[in-house]
Amino acid sequence: MDIVLRAIVLYVFVIFIMRVIGRRELSSMTPFDLVLLIILGDAIQQGLTQDDYSVTGAILAIGTIATLQVLTSYLSFRFPPLRRVLEGEPIVLVDHGKFVHRNLRRDRMTEDDIAEEARQQQIASLDKVQWAILEANGSISFIKSE
Amino acid sequence: MADIPDRIVLRRHRDLEGRGWQIWLRRGLFALLPVLAILGLLNVFGQRPESTTKSVDAASLKLYAPSRVRSGVLYQARFHIAAHQDLRQATLVLDPGWLESMTLNTIEPAPVGEASDNGRLSLDLGHIPAGGSYLLFLEFQTNPTNLGHRSADVSLKDGNRMLLQINRTITIFP
Numbered sequence: 002m003d004i005v006l007r008a009i010v011l012y013v014f015v016i017f018i019m020r021v022i023g024r025r026e027l028s029s030m031t032p033f034d035l036v037l038l039i040i041l042g043d044a045i046q047q048g049l050t051q052d053d054y055s056v057t058g059a060i061l062a063i064g065t066i067a068t069l070q071v072l073t074s075y076l077s078f079r080f081p082p083l084r085r086v087l088e089g090e091p092i093v094l095v096d097h098g099k100f101v102h103r104n105l106r107r108d109r110m111t112e113d114d115i116a117e118e119a120r121q122q123q124i125a126s127l128d129k130v131q132w133a134i135l136e137a138n139g140s141i142s143f144i145k146s147e
Numbered sequence: 493m494a495d496i497p498d499r500i501v502l503r504r505h506r507d508l509e510g511r512g513w514q515i516w517l518r519r520g521l522f523a524l525l526p527v528l529a530i531l532g533l534l535n536v537f538g539q540r541p542e543s544t545t546k547s548v549d550a551a552s553l554k555l556y557a558p559s560r561v562r563s564g565v566l567y568q569a570r571f572h573i574a575a576h577q578d579l580r581q582a583t584l585v586l587d588p589g590w591l592e593s594m595t596l597n598t599i600e601p602a603p604v605g606e607a608s609d610n611g612r613l614s615l616d617l618g619h620i621p622a623g624g625s626y627l628l629f630l631e632f633q634t635n636p637t638n639l640g641h642r643s644a645d646v647s648l649k650d651g652n653r654m655l656l657q658i659n660r661t662i663t664i665f666p
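From first to last, the protein sequence lines stand for chains V and U. For the first sequence, counting from 1, position 126 maps to 127 in this note's numbering; every step adds exactly one. For the second sequence, counting from 1, position 148 maps to 640 in this note's numbering; every step adds exactly one.
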């Protein structure tokens, strides 16, 4: 029974961490972020299964987390305000080619971060960018000037 | 020129109208994380050992053990008995909380005898001459499913004669 309770507690805590740390940290993959994800995964696994090496234990843990994931997804779909809480909302980072610095600061991002992300999307110059939007999933969408 | 992207409302998504409080909520919640870490450093969640000493004319007992542990951790309890007078049959009596959902890995040195003293674990340590001391180590592991707050009193007896008692509790965090 306790493995199910541990799975529930850890799932809620991970959701909390993901929302509090900020979307960029968990969606980008700088070496630091990768290390963070590995440490998180390892710490969660140990707290979740502890000394239980049984198949039953693994099935219970995975089943509980999968159920919670579907439940969270359904609740987000059913109740839009909850979706904003659980997943966040888009934030405009570049408006008509100009940085919105207040929004960059809010997510601890610099102009260099935006330029790097743009280069990864084959955009050489930010002069060509009309909009840059930090999406709820942590990725940045670029919409070029026509 | 691209128009405003669909579903983007500039007042909400660029100017963050009505969302100013969200960042402060996030920062406030984030502040809980270092608070947790600081509480951990302050031993709120164990398992740093603490010393408790009690002394009477016949003997003194110093207990060095954590009073807060977490499920799954290994820890040690050390009992140091100093005999001020001759103790013919020094006996340590431990509350059941010491062993409830705990794995007792070892007791060193092995006691002369073990028994139940009205439901408590009684360890017969044998004779300790006046001026002598006895050091007993118990090595535990908290069972992963263990959780809660239990009495973990320790009594020192000489035969059936109660000499002293240390009152303590042990708290097990999940």
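Hints were generated in silico from the structure; no laboratory data involved. A quick note: this is a predicted structure, and the numbers were derived from the prediction, not measured. Where is the CB? At the ideal position from N, CA and C, for every residue including glycine. It is possible that part of the hints are untrue.
[As the list claims (entries may be wrong)] Partner residues are not named here, just some residues of chain V that face chain U (Cβ under 8 Å, in silico):
1. V21
2. S55
3. L87
4. E88
5. E90
6. D96
7. V101
8. W132
9. E136
10. S140
Structure-based check of all given hints:
About 5 Å separates the beta-carbon of V21 of chain V from the nearest beta-carbon of chain U, less than 8 Å, and the hint is met. Interface hint status for S55 of chain V: violated, as the beta-carbon distance to the closest one in chain U is roughly 12 Å, over 8 Å. Checking L87 of chain V against chain U by beta carbon gives a least distance of about 13 Å; that is not within 8 Å, so the hint is violated. Taken as an interface hint, E88 of chain V does not check out: its beta carbon lies about 13 Å from the nearest beta carbon of chain U, beyond 8 Å.
At its closest, the beta carbon of E90 of chain V sits 7 Å from a beta carbon of chain U; the interface hint therefore holds under the 8 Å criterion. With 8 Å as the threshold, the beta carbon of D96 of chain V comes within range of chain U, its nearest partner Cβ sitting at about 6 Å, so the hint holds. With its C-beta approaching chain U no nearer than about 6 Å, V101 of chain V sits inside the 8 Å limit, and its interface hint holds. Look at W132 of chain V: its Cβ gets to within about 6 Å of chain U, closer than 8 Å, so that hint holds up.
Residue-level restraint check for E136 of chain V is violated (minimum Cβ-Cβ distance to chain U is 10 Å; threshold 8 Å). Proximity of S140 of chain V to chain U is violated relative to the hint, the smallest CB-CB distance being about 14 Å (cut-off 8 Å).
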